[in-house]
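Participant: One-letter residues, chain by chain:
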Amino acid sequence: MAPPGGQGGGAVSTRGAGARRMKWALELSLGNARGRGDRQSNQGDVMYPIGYSDKSVPDTSIQETDKNLVEKRCWDVALGPLKQIPMNLFIMYMSGNTISIFPIMMVCMMAWRPIQALMSMSATFKLLENSNQQWLQGLAYSVGNLLGSALAIYKCQSMGLLPTHSSDWLAFIEPPQRMEIMGGGMVL
Amino acid sequence: MKPPAKMSKPTSLFVIFFSLFVMSEAVFEDQVGKFDWRQQYVGKTLFAHFDSHSQSSKKLFLATDKNIFASFNSRTGELFWRHVDKAGPEGTIDILLLHGQDALMVVGGGRLLRSWDTNMGGLNWEAVLDTGSFQAACFVAMQDTVKHVAVLKKAAISLHYLTNGHQKWVENLPDSDTVQYQAVYSGGEEEVYVLGVVPNSHLTIIAYSLEDGEIIKQRSVEAPWLSSVESSCVVVGHGVLMCVDTATLALYALPIQSLDLEVSPGFQPVLVSSQPHPARSPISEFFLQLGPDHHVLLQLNADGYTIAPLRDFQPAFLVSFSTTGEKTVAAVMTPKNETVKKKKNVASCMWSYSSDVFPPQLYVHAFLKKDDSVGYRVLVQTQDHALTFIQQPGRVVWTREEALADVVTMEMVDLPLTGTQAELEGEFGKKADGLFPMVLKRLSSQVILLQAWLAHLWKLFYEARKPHGQVKNEVTIETLSRDEFNLQKMMVMVTASGKLFGIDSKSGSILWKHYLENVQPNAVFKLIVQRTTAHFPHPPQCTLLIKDKDTGLASLHVFNPIFGRKSHIAPPALPRPILQSLLLPVIDQDYAKVLLLVDDQYKVTAFPSTKNVLQQLQEMASSIFFYLIRSDQGNLSGFRLRKDLSTERIWEVVLPTEVQKIVAVNGKRPNEHVHSQGRVMGDRSVLYKYLNPNLLAVVTESTDAHPERAFVGVFLVDGVTGRIIHEAVQRKARGPVHFVHSENWVVYEYWNTKSRRNEFSVLELFEGTELYNSTVFSSLDRPHLPQVLQQTYIFPSPITTMEATLTEKGITSRHLLVGLPSGAILSLPKMFLDPRRPEVVTEHSREENLIPYAPEMPIRTEWFINYNQTVARVKGIYTAPSGLESTCLVVAYGLDIYQTRVYPSKQFDVLKDDYDYVLISSVLFALFFATMISKRLAQVKLLNRAWR
Numbered sequence: 001m002a003p004p005g006g007q008g009g010g011a012v013s014t015r016g017a018g019a020r021r022m023k024w025a026l027e028l029s030l031g032n033a034r035g036r037g038d039r040q041s042n043q044g045d046v047m048y049p050i051g052y053s054d055k056s057v058p059d060t061s062i063q064e065t066d067k068n069l070v071e072k073r074c075w076d077v078a079l080g081p082l083k084q085i086p087m088n089l090f091i092m093y094m095s096g097n098t099i100s101i102f103p104i105m106m107v108c109m110m111a112w113r114p115i116q117a118l119m120s121m122s123a124t125f126k127l128l129e130n131s132n133q134q135w136l137q138g139l140a141y142s143v144g145n146l147l148g149s150a151l152a153i154y155k156c157q158s159m160g161l162l163p164t165h166s167s168d169w170l171a172f173i174e175p176p177q178r179m180e181i182m183g184g185g186m187v188l
Numbered sequence: 001m002k003p004p005a006k007m008s009k010p011t012s013l014f015v016i017f018f019s020l021f022v023m024s025e026a027v028f029e030d031q032v033g034k035f036d037w038r039q040q041y042v043g044k045t046l047f048a049h050f051d052s053h054s055q056s057s058k059k060l061f062l063a064t065d066k067n068i069f070a071s072f073n074s075r076t077g078e079l080f081w082r083h084v085d086k087a088g089p090e091g092t093i094d095i096l097l098l099h100g101q102d103a104l105m106v107v108g109g110g111r112l113l114r115s116w117d118t119n120m121g122g123l124n125w126e127a128v129l130d131t132g133s134f135q136a137a138c139f140v141a142m143q144d145t146v147k148h149v150a151v152l153k154k155a156a157i158s159l160h161y162l163t164n165g166h167q168k169w170v171e172n173l174p175d176s177d178t179v180q181y182q183a184v185y186s187g188g189e190e191e192v193y194v195l196g197v198v199p200n201s202h203l204t205i206i207a208y209s210l211e212d213g214e215i216i217k218q219r220s221v222e223a224p225w226l227s228s229v230e231s232s233c234v235v236v237g238h239g240v241l242m243c244v245d246t247a248t249l250a251l252y253a254l255p256i257q258s259l260d261l262e263v264s265p266g267f268q269p270v271l272v273s274s275q276p277h278p279a280r281s282p283i284s285e286f287f288l289q290l291g292p293d294h295h296v297l298l299q300l301n302a303d304g305y306t307i308a309p310l311r312d313f314q315p316a317f318l319v320s321f322s323t324t325g326e327k328t329v330a331a332v333m334t335p336k337n338e339t340v341k342k343k344k345n346v347a348s349c350m351w352s353y354s355s356d357v358f359p360p361q362l363y364v365h366a367f368l369k370k371d372d373s374v375g376y377r378v379l380v381q382t383q384d385h386a387l388t389f390i391q392q393p394g395r396v397v398w399t400r401e402e403a404l405a406d407v408v409t410m411e412m413v414d415l416p417l418t419g420t421q422a423e424l425e426g427e428f429g430k431k432a433d434g435l436f437p438m439v440l441k442r443l444s445s446q447v448i449l450l451q452a453w454l455a456h457l458w459k460l461f462y463e464a465r466k467p468h469g470q471v472k473n474e475v476t477i478e479t480l481s482r483d484e485f486n487l488q489k490m491m492v493m494v495t496a497s498g499k500l501f502g503i504d505s506k507s508g509s510i511l512w513k514h515y516l517e518n519v520q521p522n523a524v525f526k527l528i529v530q531r532t533t534a535h536f537p538h539p540p541q542c543t544l545l546i547k548d549k550d551t552g553l554a555s556l557h558v559f560n561p562i563f564g565r566k567s568h569i570a571p572p573a574l575p576r577p578i579l580q581s582l583l584l585p586v587i588d589q590d591y592a593k594v595l596l597l598v599d600d601q602y603k604v605t606a607f608p609s610t611k612n613v614l615q616q617l618q619e620m621a622s623s624i625f626f627y628l629i630r631s632d633q634g635n636l637s638g639f640r641l642r643k644d645l646s647t648e649r650i651w652e653v654v655l656p657t658e659v660q661k662i663v664a665v666n667g668k669r670p671n672e673h674v675h676s677q678g679r680v681m682g683d684r685s686v687l688y689k690y691l692n693p694n695l696l697a698v699v700t701e702s703t704d705a706h707p708e709r710a711f712v713g714v715f716l717v718d719g720v721t722g723r724i725i726h727e728a729v730q731r732k733a734r735g736p737v738h739f740v741h742s743e744n745w746v747v748y749e750y751w752n753t754k755s756r757r758n759e760f761s762v763l764e765l766f767e768g769t770e771l772y773n774s775t776v777f778s779s780l781d782r783p784h785l786p787q788v789l790q791q792t793y794i795f796p797s798p799i800t801t802m803e804a805t806l807t808e809k810g811i812t813s814r815h816l817l818v819g820l821p822s823g824a825i826l827s828l829p830k831m832f833l834d835p836r837r838p839e840v841v842t843e844h845s846r847e848e849n850l851i852p853y854a855p856e857m858p859i860r861t862e863w864f865i866n867y868n869q870t871v872a873r874v875k876g877i878y879t880a881p882s883g884l885e886s887t888c889l890v891v892a893y894g895l896d897i898y899q900t901r902v903y904p905s906k907q908f909d910v911l912k913d914d915y916d917y918v919l920i921s922s923v924l925f926a927l928f929f930a931t932m933i934s935k936r937l938a939q940v941k942l943l944n945r946a947w948r
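Residue numbers (our numbering), protein chains in the order written: chain P, 1 to 188; chain B, 1 to 948.
Treat the hints with caution; some may be incorrect.
[Said to hold, decoys possible] Cross-link-like lysine to any residue pairs, in silico, SDA-like; alpha carbons within 20 Å at most:
| # | chain 1 | residue 1 | chain 2 | residue 2 |
| --- | --- | --- | --- | --- |
| 1 | B | K689 | P | R178 |
| 2 | B | K668 | P | E174 |
| 3 | B | K668 | P | V187 |
Just so you know, the hints here were simulated from the structure itself, not pulled from any lab data. What you are looking at is a predicted structure, and each value in this text was computed from that prediction instead of being measured.
Assemble the whole structure, with the sequences as input and the hints as a guide.
Facilitator: In C-alpha cells:
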C-alpha cells in the first residue's frame, strides 16, 4: 500500500483541475446530484466531504523511492537473525555454564528460534519476493539463522549438554561376556 | 590425633561441607525396630542355676562356653542381662557357684574370682588369684552361715571372704608335684578338706583349719585302684567319701565295702551326689552310673558303713538332684520317648516331653508350692544346643535355640511366589498355544488376581474393626510369599553344632530347623544354592557340603531352603576326601546349577550328574577352570577340566612357607553386578575399570612376627592363568587382615606395627582410557596389565569383619560394612576409600566429586547402622540384594544376629515414609475441579459475548 499522504496529495490536485471554471461554489441542495449519482443513486443523500474524488489517479512520481523502501525492508528482514547474534552472545556470557533452569531455558530459546525460522523459510521468501536481491537476502537470512543455531550448539557444548565424550556413552556399554568359568578356594 | 599435613582452609571447609552433605542418613526414632531386629544368644550351657533365693523368683543363671554369664526370665526365656567376657581361654568360666544373691565365678583358668549381684547383674567385686591352674572351688560355711569361698589350685588353696573378695589365707599344698589335688569339700564344720590323689597309689586327705589355714589333719589312704578323684569319688552323708573302683566294680566307702553291681564294659562309672547347702552335709542318697544308660540310686545307711540300693534305673540317661527346704528330688531322664521322670526318694511322679535330639544336660529346680507340695521345673539342654524349659506336666514353656550363637555360614533365598503370582509368571514362561486360549488364560488369571485382591481387602476391613493389639500376623511357612519388592527373604543359617535354621528375615522368627546328627564339632561347611525359587514348578534347592576335618570325607545334605525338608534327590556317594567344590552356571533340565566336587586325586564328581549335564560338561570342559590353595604348603595351583572329568594342572604358584603363609583368598561374588564399566573423569573422558571375573585376592602374612620385619602381602592372581596381576606388600604390618574384593577394587585392613595403628588400604585396578575388548572377557587374551592405584588411610578402631553392600543391578554406590569390636556396624562409604582422592584439589577432581585426601578416616556415629543394637562378637556380615535397587539386606551374625536394610544412595526409588499423599491428591483433585469449573465459566462468557 502506498503511504496515505501521497493519495491525499493526488486528490487535492484533481480538485484543483476541476475548480478552474469558477472560483468556488457551495452546493447546499441535497437533491442536486451532479451526474455522479450513478453509483449512489439509491443513497443520493450521502454527502461527500470536500475534496473527495472517487477517481483514482495513477501515480508514477514516487516509484523510485518506494522500491528503495521495499529493498531496505527486505534487507531488514534478512539481516534480522544476524543482528541478534551479538545480543545472544551477551546473554550467553551472562547466563554462564551452570546447568540450572534459566540457562537451560535460554539455550532452548536460542536453539529453537533459528530452527523455527528455518522451518518457516517459505513464508519469509514470500515476504522477500518483491526484492531484486531476493536470493542474496534469503542466503543472508539462512546464514544468520544457522549461525544462531551454531551458537546455541556451542552453548550446549560449553554447558556439557552434548554427548561428545566417551563418558556420555559409558552407560550403554554392556558388561563383557565371560569366556571362562572359574571357581575353587582354599582346600577345605 | 593431628593430621600430619596441614590442609588449606578451603580444602578443610570443603571436606567438612562434603562430609555433611554426603551422608546424613541415620535412623529416626520412629524407625527403630521397623526394618531391623536383633536376637541375643549365649551359647552352650556349662553351668546353670535356678534362683531359689525367693519363692517367686523367675531368674535362671547360666554360664556358657562362649564365656558368658547370663540371667534369663524362666517364665518367658527372655534375657534379663548378659555379661560377655573375652573370647578364648582368657575368659573361660571355670565354675559358677550360687549362694543367695551372690553368684561366684572363677574365670580364665583360675585367673580371677568374681562375685556378681544376681538381682541386677552388677559386679560386686573381683579378686585376682595367684597363678596356677584351677581345680575346684566350694563355699565354706561356719555356724550355718556361708562366709567364705575356697579355691583349690594345682599347688595352693586359698580362702576368700564372700563379702569383699579379700583373701583370708592362702596355703601351699604339700607334695604338690606328686599329688594331684582335685577336690575341695566343706561340710559346715571348722575344717576344709582337700582331696588329692597319687594315681594308682594312694589318696591324700588334708584338713585345713578355717581360721588360719593350719593343717589340722593329714591322712593318706592306700588306693591303688584310684586314678582320679573327679567323678569317681563323691562325699556322701556325714563326711563319708564314696569312691568307685573302675577295675573291680567295688564301691569304697572308706572303710571299704563292695557291692554286686554290673557295669557296662569299657565304661567309667560315675558317682553323682548332692550337697543342698554348703553349711550342711551332703544327703546320703547318691547315684552310681554304671553304663551310658544305667543308673542306680543308692543310700548310705546311718551307720556310715553299709550301702543299700534303693532303685535301679535302666534305661536312664541323665540324673540330677534338686532340693527345696527339707525335700530333695532326684530326676531321672529315661529314653522311653525321652520321658522325664521325677522321683522324690520313694514317691515318684512321671511326665514326658518329646524331643528327637539326645539331651546331654539336665537341670532340675524343685520348689515348694503353696500347699507345701513340691513342684518341679526342668531345664534340658540338648545336643543341638537348644535349651528347653519344662513345667511339671511336661509342658514346654520355652525353647531357646542357642546353636544360633555360633552361625558358621548363611545364605538368603528368595521366597516363593504365591499361587496367583506363580500363575501369572507361568503364563509368560509357557509356549504360546494360539491367540484365543492365551487371551482366555490371561482373563482367567486376572480374575483370580481380582479375587485375591478382594479377599485381601475384605480381610483388611474385617481386621480394622478389631482392636489394634489383637491383630496377629503370624508368619508361618504356609503363608510365606514374596513381597512386592522382594525385601522379605528366607535366611538359611548353618550353625557349628550342625543344626540348620530357616529364619524369616522380616520378623526374625525361626520357621524351620533341622538337626544334622553325626556332625563332628570341627566340621567345615559350605552352603550352596543350586536352584532358586525362580523356576516355579521345581522347588528351590540348597546343598550343604559337610566335611569332616579328621577323615577328610565329605557328605552332602540336599534340602529345600523354604521348608527345610530334606530333598528326595539322592546326593552322590563321595568315597574320597573332597578338596573343594565349584558351582557352575550350567543348569540341568531341572534348572539346578551343577556342582562340581574335586576329590584328593583331582577327579571331579558332578552333582546332579544326569546325561544332559555330563554332555554339557563335555562340551564346556575346556572353559572350566578351578584353583586350589594349600596354605600349609604355600601352594596355589590351577586346574583345567578334561572331557573325561579328570583334570590337568596348568599352573602353580609357590609362596615359600618359611617366609609367609597364605591366610585367606577371595574371588568376586558370583551374583555381583557392575553397572558402570568405567569411571568418568573430570575432563569427561572415561577410565575403564579392570573387571576381571577370574581375579583372586590372596592375602599372606609373614611368619616372622618381629614388628620391624613383619609384613602383609596382597597378591592379585588371575585364577585361570595363574598370572600375578599385582602384588602389594605392606612392610611393618601384621594381621589379622580383613579384606573385601569386589568390582575392580580390594580393600584390606591390617595393623601397622611401626605406627601402632590400624590402617585401611585400597587397591583399584583400571584398564586405562581404552578398552582392550569390550564384548568378551577372556583371561587367556589380556596382554596388558591393568593400572593399579593404591591409597592408605588411618582407621581409628580395630575391626572384626568387613563386607561390601550388594544391590540388584549395581547402580547404587557401594558402602563397606565394618563390624567393630564394640558391636557396632559401620557403614563406610566406598567414596572415602578411593585411591584417586587428590592431595591438591583441582577443577577436575572437584568435577569428579572426589574428596580431598585426608589420612584419617572418620567414624561418624550416624554411620552406625545398628544404632544401639550392638552385635556382640560380630563374626560375619552377609549382604544380599533386594528387589529394590536402592536397598541392600544386611545380616550381621556372631553371638547375636542382627538384620537390617541399608540404603547406600538413600531411597531414590521409593517414596518417603512421610510422603504427603493427602496433600498431593487433594491438590490434584482441586486443580481438576478448578479446571472443570473454569471451563464451564469460560463457555458461558463466550456465549454471552456472542449475544452482545
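Participant: I'd like to know which numbered hints this structure contradicts. Please list them from smallest to largest.
Facilitator: Those not satisfied: there are none.
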